[in-house]
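Asks: Sequence order for the protein chains is A and B.
Sequential numbering from 12 applies to the first sequence in the working numbering.
Sequential numbering from 3 applies to the second sequence in the working numbering.
Treat the hints with care, since some could be wrong.
[Said to hold, decoys possible] Listed below are the simulated DSSO-like cross-link pairs for lysine-lysine, each with C-alpha atoms no more than 27 Å apart in a straight line:
1. Lys37(B) with Lys140(A)
2. Lys158(A) with Lys140(A)
3. Lys37(B) with Lys158(A)
4. Lys37(B) with Lys136(A)
Hint data in this document are derived by calculation from the structure and do not stem from the laboratory.
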Amino acid sequence: MTLQRPQIAAARKGTGAAAISLRGVVKRFGDFTAVDGLDLEVPSGVCLGLLGPNGAGKSTTMKMLTAQAIATEGSIHVLGFEVPRDSKRARAAMGVVPQQDNLDEELTARENLEVFAHLYRVPRKERRKAVDDALEIAHLTGRQLTKVDDLSGGMRRRLLIARGLVHSPALVLLDEPTVGLDPQVRAELWGLIDGLRAGGTTVLMSTHYIEEAERLADECALMSHGKVIARGSPPELVAEYAGERVVEHYGPPDRLSEVERVARGAGLPTRRTGPSVSVLKAETIAPSLEDELGPDGVRRASNLEDVFVILTGERVE
Amino acid sequence: MTVQAERAPRLRRFEMAPVRGIWRHELALYKRYWKSQSFASMVEPTFFLLAFGYGFGSMVAVIGDFRYLDFVATGVVGTAALFTSVFPGMFNGYIRRVFQHTYDGMLAAPVDVHELVTAEALWIAAKSAVYSCTPIVVGMFFGLDPAFGMLLVPFVTFFTALGFGLFGMWTSSVVPSINSFDYVITGVVTPLFLIAGTFFPIGSLPGWAQAVSYFNPLYHCVQLVRDCVFGLQPLADLGHLAGLVVFAGLMWLIAVRGMRGRLID
């Protein structure tokens, strides 16, 4: 089921305008700069994956969008409202799914949603239906009277997403929506998020799971040290930074160092992944260089993980 | 250029909608735990009343113009208002902020910190206003004469509990860990109820302690409750009421400031 309420319908019109706009945003905590001159625009109707390693500034950015963190410098607009000055109106029109499960465990799934339907100003006459719809989206209709404490991890996560959707927002912020969940539950949630995207809701999703970004995001912005260092659709990013193919070489450390030296000497980017070295843009390797690199390479298609590691220098999950 | 939300309503700086939403949360919890909460909130002051009323009452028959049991019954109202407000303010405030992150979830919705603090404090005060009347009801079973002024007691305890609930919330925003509440309970809460004229008149205290009691909101609560039950003294009672209102106002300011400091980075 997809949402068909007026705000989403408006967003689906696809005006091309930005649902989120951050310009020169800086956030400092004492001497530590968490976000460092961030410029980011999220067009309406788009699912943007904010990708980056832990500590890249993704969660701080999310918190600034809801005015739960106040930017030290720069300007932020969400759905046309200046944040933090007019953040209450912005929050009324967006839904937030936090990284940390903060459902009330003592209440039932339905009661949790009812509380937030009140907080989000869902009109009294529409409240019951809004809660029913949110439960249906999260496939929790049959468990609506179950205490949250008795729900499984996956159900709790779905309920958390439903809570962010109870007022049919035009924009949804998903902060690491599947962190810590097993692959089966993660796949379940991906289906749910994909349904949102298909329904025209603007989604800003922070994640450090490459596969999640590849599957769900129309566009990805790679963050590192509080800045966006690359942006584009997953295929565009892969093509630009990692090429079409990668050759992975396995062997002892000396051998890997040799491969790295030869590849870099030829201007090819490389990345270490545990016991192997990957040589990117392998489609450009000349036959003579291929001989020099050795015959032990395993070819595979490039992916977003290669881009991530090349650009951030970090390992991924 | 950014997209403008269609027909987005202008939201005022302070609104009742989030307050009602937070009350809905409290009501859902209360429906689950009303029995245990009511037991603790009503039985404890009754024990105080019976223990002091009959224990000391057997040695001290009267204090001033009052039977000692009546004196204690009206005094324990203040103690009940203090305990049923300051502890929820402290512990709920801390647990929901630090352990459950309930407040983070609410503040991501169109709820501001001052609305959250107000809603929580009003709920605490409303509950406390009702519960803290228990000693008067029990006292009537033991000979306390009914009076129309007793109907004003819930209003007195409401303002008292509002102030102390907010005080509890403020302390929850400044303590470094939940264990630090021991300092607050022993160092602040206990002295407050000992120098409020609850179990003995403050006239029996040294001069400096009497002076301190005048700055103790609980003293003003106890005096107001006694006057409601035994006869109003308009000018003095307005002064007591003003003391409670000013205390609640000050506590609101520092509770909001403290919570904002903790909840907004």
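Asks: Check the hint pairing Lys37(B) with Lys136(A) against an upper bound of 27 Å on the C-alpha distance.
Replies: Not OK: Lys37(B) and Lys136(A) at ~32 Å, beyond 27 Å, violated.
Asks: Does Lys140(A) lie within 27 Å of Lys37(B) when you go C-alpha to C-alpha?
Replies: Roughly 32 Å separates the two Cα atoms, so the pair is violated.
Asks: Is the straight-line distance between the alpha-carbon of Lys37(B) and that of Lys158(A) 27 Å or less?
Replies: The given pair, whose Cα atoms are some 19 Å apart, holds under the 27 Å limit.
Asks: Mind checking the alpha carbons of Lys158(A) and Lys140(A) for me, to see if they're no more than 27 Å apart?
Replies: 20 Å, holds
Violated hints, listed in ascending order, are 1 and 4; each of the other numbered hints is respected by the structure.
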